[in-house]
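Chains as they are written, first to last, in the working numbering: chain A, 1 to 433; chain B, 1 to 433.
Each hint should be verified, as a subset may be incorrect.
For chains that are exact copies, the list does not tell them apart, and a pair is met inside one copy or across any two.
To be verified - With a cut-off of at most 30 Å between alpha-carbon atoms, the simulated DSSO-like pairs for lysine-lysine come out as follows: (1) LYS255 to LYS344; (2) LYS35 to LYS255; (3) LYS125 to LYS35; (4) LYS373 to LYS213; (5) LYS21 to LYS35; (6) LYS335 to LYS35; (7) LYS255 to LYS88; (8) LYS21 to LYS297; (9) LYS88 to LYS154; (10) LYS154 to LYS67; (11) LYS255 to LYS154; (12) LYS335 to LYS70; (13) LYS255 to LYS213; (14) LYS228 to LYS297; (15) LYS228 to LYS344; (16) LYS154 to LYS70; (17) LYS88 to LYS213; (18) LYS35 to LYS373; (19) LYS373 to LYS88; (20) LYS70 to LYS228.
Everything labelled a hint here was simulated from the structure, so no lab data went into it.
As the structure is a prediction and not an experimental result, all values here were calculated from the model.
2 protein chains.
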Amino acid sequence: MENPHHVVIVGGGFGGLHAAKTLHRAPVDVTLVDKRNFHLFQPLLYQVATGALSPANIASPLRSIFKRQKNVNVLLIDVDGFDVSNNKIIYAEGTLSYDSLIVAAGVGHSYFGNDSWERMAPGLKSIEEATEIRRRILLAFELAERENDPQLVKELLTFVIVGAGPTGVELAGAIKEIAMYTLANDFRTVSPSDAEVILIEGNDRVLPPFPEKLSEEAKQSLVRLGVKVMTETRVTNITRDDVTVLHAGNTSVIKTKTVLWAAGVGPTKLTRALAEATGAELDRAGRIVVEPDLSIKGHPNIYVVGDMCSFTHQSGKPLPGVAQVAVQQGRHAAKTVLRRLQGKETEPFHYRDLGNLATIGRGAAVADIGRLKLSGFVAWLIWLFVHLMHLVQFQNRMLVFMQWAWSYLTWNRAARLITGGRQRYEAKYEPPV
Amino acid sequence: MENPHHVVIVGGGFGGLHAAKTLHRAPVDVTLVDKRNFHLFQPLLYQVATGALSPANIASPLRSIFKRQKNVNVLLIDVDGFDVSNNKIIYAEGTLSYDSLIVAAGVGHSYFGNDSWERMAPGLKSIEEATEIRRRILLAFELAERENDPQLVKELLTFVIVGAGPTGVELAGAIKEIAMYTLANDFRTVSPSDAEVILIEGNDRVLPPFPEKLSEEAKQSLVRLGVKVMTETRVTNITRDDVTVLHAGNTSVIKTKTVLWAAGVGPTKLTRALAEATGAELDRAGRIVVEPDLSIKGHPNIYVVGDMCSFTHQSGKPLPGVAQVAVQQGRHAAKTVLRRLQGKETEPFHYRDLGNLATIGRGAAVADIGRLKLSGFVAWLIWLFVHLMHLVQFQNRMLVFMQWAWSYLTWNRAARLITGGRQRYEAKYEPPV
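Isolated chain A (complex conformation) (with noise of 0.2 Å):
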């Protein structure tokens, strides 16, 4: 420790990152914590999780990226609490003392009051969910390819994805795109094609985030590509061999033996031990209300960013979970540290909108950027750039290229493995590790 005022960070995530490197020559020590030993891009981990990059791929250590920021010091802790009256991070084996807390930590899924779905439908938001979705995908083809009973084989290859927002309809399009074309030759008795995708969204249409006119361009790319999309349709009951829903006051059942979640976040352990610590309030989402300078009201040292935080300063409405705005507020709430260390006032944050892009398969995609709206082969060589432009490493920006490339020339996927779990009939509804 050089420096007299100590600034925690809680999260490696986008959030977290941009706040570490904002302090670069601030006369400030950092100390970044995360459970994980490296930064993820969860924008990419659909693609993990149906086999076209390996997790190393869109994984870069945080050691790696702080190496030669010499005022980062970054630390492999679980965090478990907050002791806010005497500043510090609560972990397994001890606790770490602050001035001035940054704390973005991310959210978990939510299923909606029915955690006993998650066994049956995992969501996406870590490595090993990510291959542990990619082992039900594949394991799904693999059991349907030996099985002689047709009504099973039917059951084996449906595949359905709730909730239409980015996630849910880049798994969509890729699951779709794996059956038709990556597997097409590789089968000997089933017909890969055979593989129906039903994507379910409770809104009336799909990426409810984009303007209408573009919700209504991907419904037609997913369309074409031979998903199913359910709009205005919930989910009301899921279990190991089929899921409920109910659409228009009809129910209806649905045969399947894969089901994926990318419908709602909810908050995690860590965001309850913040809101009880500080007495933050929680939105309905389970993320804490902030101040305007996304401080906790009433702890000016302890700020919240990215999908943890819940700001509703600049619309009314909380600013969406997206990886944009988690930049800009860790980037802000650091800038905040060093203002209050210099003895000026805060500044309210304020979120300037990049736009939003979602793909849908090869050569699709839809870009909503300011005035330009766009879909189609354009939107999705926008989307290819954009994304490997902001992985963090040279190295792994050069690995994902070579493996796109080859990917769009061949139809094959590099990272087709089943790992993790026995490959046995039951243990395709093992709860991830």
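For this one, chain A is given, so just place chain B on it according to the hints.
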């Protein structure tokens, strides 16, 4: 099924893969079953365990390999046993009939009767074990960075590898290199170069299958790198906190938190099941003793190849468990199946030794190829070239080459992820999944 003769191959490693390939254009139907959906290039598994490569870089989907060989049907099956009187293999959900059977299912670890050591000292045979070993090595450094007690730091930075065959030597060299170079600037409080790597071997030299001169040169390379080599030393106990060893009648205790097992192989449950079903004899290492044509005595239509097989007819002692033996035996078994179909006499297997290679670290290796006995940089280049060329798929070759080139230039390792299990202190000792 188009052909009257059905060959079932159990295992998609080197032996099974080359057996199936040899049956290309033969008038037989082939079913290749494996509990995995990929062929694993085991000689590079230690590079996954030490964060240099991603699992998918050394794994190729079996379906993808046999896409164009239309007489091969790949099925994901975890075989439980054999019903040899009815010519069937048995698995949890059914059976599969064969006319000829080639079993190439590999070996497991042997802890010399101390199975409880496995939790403390994982071996290196599968992707899951490789990522578990990677987790333990990287976690030890992370925990040391967080730790204040100098004694505990020392124990965390002590790595013990049991067994100085190629895998043990390669692991020891790679761990020392990670500590010395890759992590050197990444840590703030501990100095990774303080890491002590201890390689324990029961024989009187490292790399026992190599000529003595090369063993000595390999040892010198290890010592130059800073590895402590203990030969003629036997492990008598392993706990969570230490390893007890016996050398020249003296017992000593090494305090360590990380022990890796590269010492012994033993039979899997499948080996035992096959021996029981056929009445075959097992050798001391738990391998199935075969006839000169690789069939099991009294079962001329059942062949055992690769690590599972004890073939002593050539030199009086069993052939070593290396890839080259498995490849040649797989080819021979397939040809023998065809000879019998044509009503010809079977021919004895004859192993053609193409040499041995082992690498000790950056720029150092030993090569024993016929009369050519090399060590140092040239041997290392041969090692690189041979391993790159033997990777099954072009894309893997390209990605591995790029990552090696990148690592060579930057000393970085691309796949330094701690995944699976929680990042808690005690979690380090949880057994692999």
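Hint check results:
1. In this assembly of identical chains, LYS255 and LYS344 lie within 30 Å of each other by CA distance neither inside one copy nor across copies; the values are 61 Å within and 53 Å between.
2. In this assembly of identical chains, the alpha carbons of LYS35 and LYS255 lie at most 30 Å apart only when taken from different copies (26 Å versus 38 Å within one copy).
3. Taking identical chains as interchangeable, the C-alpha atoms of LYS125 and LYS35 lie at most 30 Å apart whether they share a chain (14 Å) or sit on different chains (28 Å).
4. Taking identical chains as interchangeable, the C-alpha atoms of LYS373 and LYS213 lie at most 30 Å apart only when both belong to the same chain, with a minimum of 9 Å there against 70 Å between chains.
5. Proximity of LYS21 to LYS35 under the C-alpha cut-off of 30 Å is restricted to the intra-copy arrangement: shortest distance 19 Å within a copy versus 46 Å between copies.
6. In this homomeric assembly, LYS335 and LYS35 come within 30 Å of each other (Cα to Cα) only inside a single copy, at 25 Å, whereas the closest approach across copies is 54 Å.
7. Taking the shortest Cα distances, LYS255 and LYS88 never come within 30 Å of each other, neither inside one copy (50 Å) nor across copies (33 Å).
8. Proximity of LYS21 to LYS297 under the C-alpha cut-off of 30 Å is restricted to the intra-copy arrangement: shortest distance 25 Å within a copy versus 69 Å between copies.
9. Only between protomers do LYS88 and LYS154 lie at most 30 Å apart by alpha-carbon distance; the minimum there is 28 Å, versus 55 Å within a single protomer.
10. Proximity of LYS154 and LYS67 under a CA criterion of 30 Å is satisfied inter-copy only: 23 Å between copies versus 51 Å inside one chain copy.
11. Only within a single protomer do LYS255 and LYS154 lie at most 30 Å apart by alpha-carbon distance; the minimum there is 8 Å, versus 56 Å between protomers.
12. For the identical chains of this complex, LYS335 and LYS70 are intra-copy neighbours only, at 18 Å inside a copy versus 63 Å across copies, given an alpha-carbon limit of 30 Å.
13. Taking the shortest Cα distances, LYS255 and LYS213 never come within 30 Å of each other, neither inside one copy (32 Å) nor across copies (66 Å).
14. In this assembly of identical chains, the alpha carbons of LYS228 and LYS297 never lie at most 30 Å apart, being 46 Å within a copy and 57 Å across copies at closest.
15. For a Cα distance limit of 30 Å, the shortest separation of LYS228 from LYS344 qualifies neither inside one copy, at 55 Å, nor across copies, at 57 Å.
16. When the C-alpha separation of LYS154 and LYS70 is checked against a cutoff of 30 Å, the pair qualifies only between copies, where the shortest distance is 24 Å, while the shortest distance within a copy is 57 Å.
17. For a Cα distance limit of 30 Å, the shortest separation of LYS88 from LYS213 qualifies neither inside one copy, at 49 Å, nor across copies, at 59 Å.
18. Taking the shortest Cα distances, LYS35 and LYS373 never come within 30 Å of each other, neither inside one copy (39 Å) nor across copies (48 Å).
19. Within a single copy, LYS373 and LYS88 get their C-alpha atoms no closer than 47 Å, and across copies no closer than 61 Å, so neither meets the 30 Å cut-off.
20. In this assembly of identical chains, LYS70 and LYS228 lie within 30 Å of each other by CA distance neither inside one copy nor across copies; the values are 52 Å within and 32 Å between.
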